[in-house]
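Participant: In the order they appear, the protein sequences are chains A and B.
Numbering-wise, the first sequence is residues 1 to 400 according to my numbering.
Numbering-wise, the second sequence is residues 1 to 401 according to my numbering.
To be clear, the hints were calculated from the coordinates, so they are not data collected in a lab.
Some clues are possibly wrong.
Heads up, incomplete: computed chain A residues facing chain B, CB under 8 Å, no partners named [claimed, not checked]:
| id | residue |
| --- | --- |
| 1 | 286 |
| 2 | 288 |
| 3 | 332 |
| 4 | 334 |
| 5 | 385 |
If you want the footprint, here are the derived chain B segments under chain A, 3+ residues with CB under 8 Å [said to hold, decoys possible]:
| id | segment |
| --- | --- |
| 6 | 109 to 121 |
| 7 | 243 to 253 |
| 8 | 276 to 283 |
| 9 | 287 to 295 |
What follows is a list of derived Cβ distance ranges for each label pair [said to hold, decoys possible]:
| id | chain 1 | residue 1 | chain 2 | residue 2 | range |
| --- | --- | --- | --- | --- | --- |
| 10 | B | 93 | A | 134 | 46 to 56 Å |
| 11 | B | 333 | A | 363 | 44 to 54 Å |
| 12 | A | 362 | B | 133 | 51 to 61 Å |
| 13 | A | 370 | B | 161 | 44 to 54 Å |
| 14 | A | 400 | B | 361 | 14 to 24 Å |
Ideal Cβ placement from N, Cα and C applies to all residues, glycine included.
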Amino acid sequence: MNPLISPPITANRCTSKGLSPQDLGRQLAFTRREFLRAAAGLSFGSGLMGSSLLRHTGIPVKRRKVVVVTFGGGARDQETFAPEGQENIPHLIRELIPQSAFFTQVVNRGILGHYVATASLATGRYETFNNFSAVPPENPTVFEYFRKDLKRPASDAWVVAPSNGFHRIGESGNRHYGAGLGAGVILPKRLLAAALSDSKPGEHEHLLRDNYESPYFTPELAGHEFELQQLDTILNLSASDFRAHALTLSSPDELSVYIARRLMKQLAPSLLWITMHDVDIAHAGAYSLYIEGIRRTDRLCAELWKTIEDEPEYAGRTTLFILPDFGRDADDDGGGNGFQHHRTGDASSRTTWMIAMGAGVRAGRVFDRPIQSIDLVPTVGAMMGFSPSLSQGTPVEELL
Amino acid sequence: MLPAELTADDFDGYPPEARKLAVGSLAVFRRLPLTFLPNLLREVIEYDLKFPSERRTIEKELANLNSLSPQEISDWFSAFEQIRLSPSLESMDWVSDPAQFVEQLSAYLWSSQQLDAFRSAAIAYGDRLRKTTPPESPSAPRLGIAVIGKDVDQYEKPVFQKLRSYGTYFNRIKPENGLDILLNAVTTRAKNFPVPYGHWYVDGGQAASPHPAVTCISYASLDASRAALSTRIRNEIEKPGMGPEKLRSVLARMRPEDLGFSKEGDPVLNRFQLRILTEGSGTQIFSTTFVQWTAREVLRRVQPHTLLVRFTPRQRQKPMNELLLANTASADLDPIGSLVDGDMGAYYNWINQRHMTGAEQSSFLAWFENHSQAVAIGPSMPRGTASTESATLASLLSWMA
């Protein structure tokens, strides 16, 4: 069903809790911070401790790499950083958080649909297009700024995305950027469909379900030739090998991470964006599957970090960002249905977190001042040396 | 068209009772902002097929609106007046199809970054309305019951973690005939407090035969309707130009007979079941989602005196590699996952029950089917405590009463 539908105004659906959204956002941040203090023994930064670490890394800007992972589909505090949720994210808590700068309050003030919200993350502006339209972002993406300003080749910026609806996310419709300046986009499920193209029609329809927000629809793209070409020339992978490996994987996000690793090995792009979405099975209403999705994403994030550390092209020069595109509705908001959707626009669905780790990031710090999800692009721009001039966000000074 | 231009003829397409209601409130409708009125009409247009409690709620809301002076109307709706609308929204036929308008309005509010303002206005209106026309109190304290974990033999992790702090946790319940005991309790309440649609039993599988005074819905009884819906969706999405939002509109216009509900059946209940299947995300796929969403809608819409829900195993979500092998054998079940789903669903039932009138007097019981664990919540049950006392479910219910 359409996540953009807000509840109708009826007396028995609207409740006030006596707290403003800002209060609730701060409360969420407080919960995360207190938990992290107890769980990971981290110290707390302040807005004044910009460390200029970038200047002290010794890594030339040209050699710097950034990997962005969206912790797909949105996850709430109580299933992640709240005390009762910690068992679901052991890898984030034990392995990644101690090495990271953690931002406890990342607010998304835009539309809470996955494609449009991810596009907003990638442009640094709140995009306003219809979430279910196969349109490019209106504003230049981080990939276009990166490639145009730094004169980087197409092979240096890639997006790995879960569903066909994301196939336009690599480059915007902005006439000063756009065509030919964006990122290559790989849709792993499309690759798999191409590799399975000798199957009977409909045989893998369920597996290849495009997304969980509109589960009945898979936007039509052109034929499989492009995907087969991607497999062969970019990933250096035969269709049969790919198919055989896919048989060892349990979810679409595992497939995405497999493809991302392959890209890292073959092309070593300097800017890599990976969008997860297993968690979004929550839309089907089964809490156990939502939790499974979180646990899997937690594990996959740790695997990606390990790959970054192991790959010579990435080790020591890569900054990794992990952040959900947004949260999910609170349990007690009468207009929603708890974890299932992100329809209400309440504090729980708008407030989330961000991990930054790796090159240029001072580890073991927690920052609880509110930042916005659109601050990511200018922060990456400042780190890599390009200027996202049309972004509305502000560089996160604690990372610069 | 704007509300000020409304005439009685505009409601000619409404069902008879809804039309009468709308025409009777025409004067006040003309003074309401367009950002608000279609939301109200969305309820009014369904009046003929709404539950009695919903009808009374609409009537009271309209009576309140009709009693407001022009100055009071301005005061109540000033926040709605400040929300900007697009010309395309203003030109929609929001009288004939208010649900479609609300859907478009919602998308517009998101894209124009006015959702928060709308949300604040809606909450303030709801709070004010509740103060002016308080919702009905039940004629007897409400009782909610959730049964979870069918077919789970062993489960080592704790259950009812979220509920325990609200009541007393028991770990030596005698499970024999547990479901029958609970069903009998619902029947007894239905006989003692006869209220139309006041007592419900929702089952995720095949329902045990309840007393006629108990309104019953089960996942199994809707097998044919779910299959018909699935076929309809497949047919629709193959049509050129079809998309998620258009499909939603198609589903919203469906009638109970489209899914095979008998015309001889209860039209209100048929309509309700149709809505569960067409509006509830996942209700068509997972029985646990069906039960949770149905319970939510029963509590929100019907405000029942008694609600017993039973979560049963849903179909297992196959991992990707199994799907790749294209094993089309019939879907097996996932009892453990369904137990987790049901545990959360029970918590949501309790939250939703707690938001209703008479919450301080109402009780809630959650039981792990055929096991010894239960949580009892109510005025007589100490919060955040645990009891090792051996008891039957009948005893537990008597202590809660």
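Participant: Hint by hint, note whether the structure agrees.
Facilitator: Here's how the hints hold up against the structure:
At a threshold of 8 Å, the smallest CB-CB gap from residue 286 of chain A to chain B is about 5 Å, leaving the interface hint in force. For residue 288 of chain A, the interface hint holds, since its Cβ comes within 8 Å of a Cβ in chain B; the closest pair sits about 4 Å apart. For residue 332 of chain A, the suggested interface contact is upheld, since its CB lies about 6 Å from the closest CB of chain B, less than 8 Å. With a cut of 8 Å, the hint placing residue 334 of chain A at the interface with chain B holds, because the nearest CB-to-CB distance is about 6 Å.
Proximity of residue 385 of chain A to chain B is violated relative to the hint, the smallest CB-CB distance being about 31 Å (cut-off 8 Å). Only when three residues or more bring their CB closer than 8 Å to a CB of chain A does the claim for the segment 109 to 121 of chain B stand; here the count is 9, and the claim holds. With 5 residues bearing a CB less than 8 Å from a CB of chain A, the segment 243 to 253 of chain B meets the requirement of three and the coverage assertion stands. Counting residues of the segment 276 to 283 of chain B whose beta carbon lies closer than 8 Å to any beta carbon of chain A gives 5, which meets the minimum of three for the stated coverage.
Coverage of the segment 287 to 295 of chain B by chain A holds. Counting CB-CB distances below 8 Å, 4 residues qualify, and the rule asks for three or more. Taking 46 to 56 Å as the suggested C-beta distance range, the pair residue 93 of chain B and residue 134 of chain A does not conform, at roughly 28 Å. For the pair residue 333 of chain B and residue 363 of chain A, the supplied restraint of 44 to 54 Å holds, since their beta-carbon distance comes to about 45 Å. In this structure the hint that residue 362 of chain A and residue 133 of chain B lie 51 to 61 Å apart at CB holds, the actual value being about 57 Å.
At roughly 30 Å, the beta-carbon separation of residue 370 of chain A and residue 161 of chain B lies outside the given 44 to 54 Å, and the hint is violated. The hinted range of 14 to 24 Å is not satisfied by residue 400 of chain A and residue 361 of chain B, whose Cβ atoms lie roughly 58 Å apart.
Comparing the model with each earlier hint shows violations of hints 5, 10, 13 and 14; every other hint is respected.
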